[in-house]
Amino acid sequence: MLILTCPNCGVTAEETEFHAHGEAHLTRFGPGASDDDFENYLFMRDNPKGVHFERWRHVYGCGKWFHAARDTVTLEMFGTYTAQTSTVPQDIIDKIAERRPEWHPPEGA
Amino acid sequence: MSEPISALNGAAYKDGIVEITALDPVGMITLRGDLGAGYLKKPLKKITGVDMPEVRGIKLNQDQGIAWMSPDELLVICPHADVATHLETLNNAIGSNHAMSVNVSDARAVFRLRGKHIREVLAKLAPVDTSPGAFEPGTIRRSRLAQVPAAFWMVDAETAQLVCFRSVAQYVFDLLKTAAQPGSEVNHYRR
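Protein chains in written order, with the working numbering: chain L, 1 to 109; chain P, 1 to 191.
If you're looking for bench data, these hints aren't it; they were derived computationally from the structure. None of the values given here were measured: they were computed from a predicted structure. No incorrect hints appear here.
DSSO-like cross-link-like pairs, simulated, lysine-lysine; straight-line CA separation at most 30 Å:
id, chain 1, residue 1, chain 2, residue 2
1, P, K45, L, K64
2, L, K64, P, K59
3, L, K64, P, K41
4, P, K59, P, K177
Based on the provided sequences and hints, a complete structural model is requested.
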C-alpha cells in the first residue's frame with residue numbers, strides 16, 4: 001500500500017484516501033495539432049518498470065491535485081510535489097538519484 | 001417557514017462503547033476564496049468571534065467556529081437560524097472580490113460521539129491516525145468513513161463531532177453503531 005503526503009494540506013495518508021490519475025507532465029495537443037500528435041497525447045502512455053511520475057488527487061481530503069514520484073516495481077514513494085509545475089523539481093530528482101544511481105531524468109524534466 | 005429537521009431527527013445510540021447522537025440542524029457555510037484576504041478575515045471574526053484557523057485547524061467558540069477545509073476553502077459553523085444574516089454579512093464584505101459563500105446547512109448531517117473510546121471508533125472506520133498526539137482537539141480531519149466522505153474533529157478528550165452528507169446520514173449512523181457496538185473495545189490507545 002502506498003503512503004502519500006499531500007503537499008496542499010500536509011496530510012499523510014494511505015492510498016485509498018487519494019486517487020491516481022495517470023502519467024504526469026504530458027504535453028497537450030489540442031485543436032490545430034496533427035492527428036499523430038493528438039493521438040499520441042490522448043492515448044499513448046508510458047508504462048515504465050521503475051521510476052514513474054504520476055498525477056494524484058486528494059479526493060477524500062482537501063480535493064486538490066498534486067504530483068507524485070514513485071517506483072512501480074518496489075512501490076517506493078520518492079516524494080510528492082505541487083501540481084503547478086510542468087517539470088520535476090530538482091529536490092525530487094535528487095532523491096530519486098540517491099536511491100537509483102542508474103536512473104536518468106526523463107527528457108525535458 | 002417550515003421547521004428545519006435533521007436527516008435522522010435526533011436519533012441516538014446509547015448502548016455501545018460510545019454514545020452517538022444525530023444533532024439537530026447546524027448552520028454551515030462553505031466559503032471559497034483567498035483565505036489570507038482581509039475582506040474574508042474581518043467578517044469571519046465578526047460572525048464567529050474566532051480568528052482564521054491554521055492549516056487543518058478548527059477554531060470553535062461554543063456553537064460557532066471556522067474549520068480549514070483546503071487551501072482555498074473554509075467551513076463556517078454557526079446556529080442554523082443565523083445562516084441567512086451571516087451570509088449577508090459575508091457577501092457584503094466580499095463585494096466584487098473573487099470569493100464565494102454558500103449555505104450548505106441542509107446538505108449535511110452532524111453527529112456527536114461521546115465516550116472514552118471515540119478515538120478507536122473513528123479509527124475503525126477512517127484511514128486516519130487518531131492516536132493521542134496525532135489527532136487532538138483543534139484539528140479537523142477530512143477523510144472517509146468506510147465508503148463515504150466525512151470530516152471530524154475532537155471537541156474535548158471524550159467528545160468528537162462528525163460531518164457528512166445528508167444523503168448518507170443513515171449509512172454513517174449505521175457504521176458508527178457497528179463500530180461502537182457493545183464489547184467491541186480494542187483498547188489500542190489505552191496508555
